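Two chains, two separate frames, one set of hints: put the complex together.
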Amino acid sequence: MAAVQETVDRVRSIEVDAYKYGFISPIESDLAPKGLREDTVRFISQKKDEPAWMLDWRLEAFRRWQTMEEPKWARVSYPPIDYQSIYYFAAPKSGVSPKSLDEVDPELLRTYAKLGIPLVEQEILAGVERPRVAVDAVFDSVSIATTFKAELAKAGVIFCSFSEAVRNHPDLVRRYLGTVVPSSDNFYATLNSAVFSDGSFVYVPPGVRCPMELSTYFRINERNTGQFERTLIIADRGAYVSYLEGCTAPKRDENQLHAAVVELITLDDAEIKYSTVQNWYPGDSEGRGGIYNFVTKRGDCRGARSKISWTQVETGSAITWKYPSCILRGEASRGEFYSIAISNGHQQVDSGTKMIHLGRNTTSRIISKGVAAGKSQNTYRGQVSAHRLATGARNFTNCDSLLIGHECGAHTVPYIEAKNAAAVIEHEATTSKVSEEQLFYCLQRGLSAEEATALIVNGFVRDVLQQLPMEFAVEAQKLISISLEGSVG
Amino acid sequence: MMARTRAEKRRMLEIKNLSVSIEDTLILDNLSLSVNTGEVAAIMGPNGSGKSTLAYVLAGKPAYKVISGEVLLDGESLLELEPNKRALEGLFLAFQYPVEIPGVAAMTFLKAALNAQRRPRGESDLTTPDFMRRVREAAQALKIDQEMLRRPLNVGFSGGEKKRFEVLQMALLEPRVSVLDETDSGLDIDALRVVAEGVNALRSPKRSFVVITHYQRLLDHIKPDVVHVMARGRIVASGGPELALELERNGYRDYAEEAA
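Chain order of the listed sequences is A and B.
The first sequence: position 178 = 178 (my numbering), numbered continuously.
The second sequence: position 67 = 67 (my numbering), numbered continuously.
Extracted from the complex, chain B is given alone in its bound form (with noise of 0.2 angstroms):
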């Protein structure tokens, strides 16, 4: 019992026939996913495939209604829980299109997050010392200046700032699994490389990715160990890697049709 092997890696994450609608229309459609423990999956697809709607189910967000299935994170049962609460136990999504909040310092929402992490655990809040040199630490590996910090959360950010942040929550928040929302989108080569490079920075065999991507591209950075494909609401081919040069080859026709 004590010592697992390579063969029996835990599932960190395990998504059975999950159904979900949004203002009475089929999204997710009966979908199945496991990830394990350190591993890295992309998620790919054409748009209105359902990823997005993956991303805020698994986080717990309002307006999307659960028909059938259930979510485990480690073994335990997620949909019941808030989306604070999820947060807690470790489940993190970095968003496509992170918010706004006009007079709150990034560096403030920071301390204010990790905080509030910190205290279900029994821990102290960390005194400012020590939070701004782990912020500073994490800061530099994805070149993020002081200045940025300073500024209100999000507001005027350029979306390369916006998504280099999102990466900067996750590294500070240590979650266990990562959901990354088309990260990608509408980053410049350079803006990618730093991404991506934040986000390898934190594999490790504890803790899990899902990579949602459109592109190819991205995944040339993140290396991914598995790929699912994604079309109408359910997974509808998994491979390795090489699956997605076949989809950036062929595009997803005809994995359309095969949902359809």
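Here chain A stands alone, though its shape is the one from the complex (with noise of 0.2 angstroms):
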């Protein structure tokens, strides 16, 4: 009992504040003025220097959100959010664009420095090889430096941000966007397009494998502003990526909107594997603060016999409402999610995935592991349907909760719908605790109850921390034991 006691009475006084990227750059932005108005749309728009085309889907999309409401069906509670009082574009005054990366601003290079993204191309440090990965940084609404770059066209992928593929490349852009995730999609996608500032845009052509990781890190800097990221990734016939996400945002007492939307599509034969490492600011021990993320992440695959992996670790934000969902279009096309969701203190979890299988022997696999601490409420919400045409159609389902304390909660919401009697679904789910006597065990040996903790944990979510590409794999387990300090005693 005593053991229980002591996790209980630790999370009572848990310091949620270890948060370690919660500082705040001194940087001088450009604001749009306060508020969603269809000149701020037009302002964003027009900073961005955008073609009349782009900024008529805006304004439509706008509009449309004007009539729509929050969807209120998930398991998240907070104060209704009151979309006037944002600001909806903040850029660092020391310019938009530059041309190269000793035109960045250093005090953003610093900022990117401390947070562990070096902006640099140095392919060779102290003799030592290090693995490659290109990074685009999105700070608060505009991209400030993508790595890489060149290197990556001559194998012929584009890898740019948003703002620089819709002047460079608009015949791709204007033949992807939406296709994926309608601009009428939901209440937040349709936000989204209409303010959308920045985001990453990824192009592999027809059989070309990407030679290196590509990655996006994103930050949020500015006070009351939210970020709205879009991304859009289109691996071409034949054509592999993997790319990777990592946000991280300051820590301030009032909540902060993150609205994105992602967008993948595969032809045939194409793979995209897709991993995030989601570490926004969750907020303190009292609830105060840390972000909204209403994310709208979809991949499509649309092409025969390709592949879509999502593997996200969600250790931050306050709310997380977020289902990277794969529709299955081609035929034996191949749709997977893996999920570790850690909530702690007050955060509130409401995530899953969609798997729509639309063609012939489409296959799909969820992996999905949920470990709630704290006072933090943690739901799965998942949805595997199969449709008249998808004969053949397999999935499987594992969705496992682990509970440290007994002030959380742990939901698993399956949705199953099969409309052709040869598809076959398999759900699993579990629910278990962190026993006394796991805990007592490691003890005897020797471990404090936090190392025995983290170490239950990491073993609990191994199967989808194998699916990380490796150099981010060690750096989520270190993310995982962070995020648990102070759960235990």
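Output of the computed footprint for chain A on chain B, the stretches with three or more beta carbons under 8 angstroms from beta carbons of chain A:
| no. | segment |
| --- | --- |
| 1 | 57 to 64 |
| 2 | 108 to 117 |
Here are the simulated DSSO-like cross-link-like pairs (lysine-lysine), alpha carbons at most 27 angstroms apart as the crow flies:
| no. | chain 1 | residue 1 | chain 2 | residue 2 |
| --- | --- | --- | --- | --- |
| 3 | A | K433 | B | K111 |
| 4 | B | K111 | B | K206 |
| 5 | A | K433 | B | K85 |
Anything over 12 angstroms on all C-beta distances counts as not near chain A; from chain B, calculated:
| no. | residue |
| --- | --- |
| 6 | S124 |
| 7 | A138 |
| 8 | L202 |
| 9 | G251 |
What the hints contain is simulated information worked out from the structure, not anything from laboratory work.
Remember, predicted model here, so these are calculated numbers, not experimental data.
C-beta: ideal position from N, C-alpha, C; glycine also.
Encoded structure:
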């Protein structure tokens, strides 16, 4: 009993304030006027020097958004958001589009260095060759730098900020934008369509295996600002790309809104592996502040035998509302979703996936690991549907929840729909507690309660960690331990 | 002061008038027991006599309430210490039912435990080659193959594998006092022999063992220096190895009645 009691006591005095990325960078911003009107949309489009078609697309979304209501079905609660008290655009004053890394404001480079994301194209460090990762760095509303662009271009890979793609690759953007997540999709996606500021764009041409990991690092810095980025990744026939997204924000007492849209498209035999390590500021021990993370991510396996794999490690945000999904349209296409969602303090997570089987012999696999500690609520919400033509469709789902202490909650809400009698859908779910027996066993061998919990949790999420690119798996493992700091006695 | 004679052997573990309850039921009733340095003490007794409770209370398992008494490990009071601090003081419990920890390789667990014990002593973490070498040597003696160590801790281990892994941990952690709780239960004769040999190899003038068992069988392989009989929560008889043989012949009935 004592160990559980201590766990509970420790959780009460929890220091979510252990958040390590909570600093604020002293960078002056160029802000749009507060609030959201048609003028705001025009302001953003003008700031980005966009063509008319882009502005029209935004305006149409804005008009539709005005008629929509926030979804209420998720298991999260928060006071009403005043959409008129948010800044929808914030850009560092130092200039929006530096030509090269040398022109980037040193304060911005310092910020990213502090976050452990050096914006340099250094390949060899002290004689040791490190795995190379191309980075697009998005700061508040704008992309400030993208590394390794030239080298990627040699392979024919386009990797740039979304704004740049609108200017330089309008045909590709127009062909694919909004074809996976239509601008009318849902309240937050529609809001994003109206005011999205920047994000990343990737195009991998037919038959090309992208020569390095691509990654975007999102940072919110400015107060009262929402971040609305948009990412579009296209893997053409037989192409392959692995992409990683990371996010952090300063500690602030107010809640901040993040409403992103990610669209992935794979053509015949192509594969996209999309990994997220989400570490937005989760709020303090009283539940003050933190990011509201309302994100729409969806992939379209448009071509035959194509594959989209989502891997997410979710440790941050006050509220997470996020369901990376796959539309399995191409014959024998495959969707995967691997998720670790860890909640502590007062965090609320409602996350999961949708696997929509449209084509014949499509397969999908869902492995979800939820870990709830403190007073947090952690919900897995998933939909698997097999449509009339999806003969031979197969899904396997495994959802495990682990509870630490007894003031938290874990919930599993699966929706399963089979309209084709030859589809096979399997669902397994378990909920367990870090048992006193396990803790005692570890303690008896000399481990502290904190080391023991981290060990047990890392064991619990291992299947999913193995899906992350090697160089990020270690990072993620550390992050999991940090997120659970103070969750045990 | 420098040299101790054999007659003045130090007491490694001293339990004085220990009473313990769980959910208002008295399990240990004013129990006293001493184990000398270098001694192997067997504790035998019928089911429900409180043997496993004693093992758990020594290791600090939550849920047990100590009503009175004290426990000294090499003169230092144990009962106020957290379970992990007791482990760091050199107390080891070989569990009767080792727990499963899914996803954590036995090897990973060993490394975490070893380093957790080294750090407070001011020693640096073991390098991987050094760690691997130590594990390989200790594992070989216990007929544990490397494949088993890559599997998640105790998940799908057979009864014999679980007990051998307990002894492997004991060998690597080098405790001053090892409490073996029914380590013979669920073992066939071959596994029993391997485990007993593992324990015998660790016997030294600096280490003490408390071997808890229901049957005399284990004591054919691990020869105790003293045998204590436990019934109704206290030690009711103590003697040499011959006491175990007598119990084997006559059963516990006499002692159970005596203690009543």
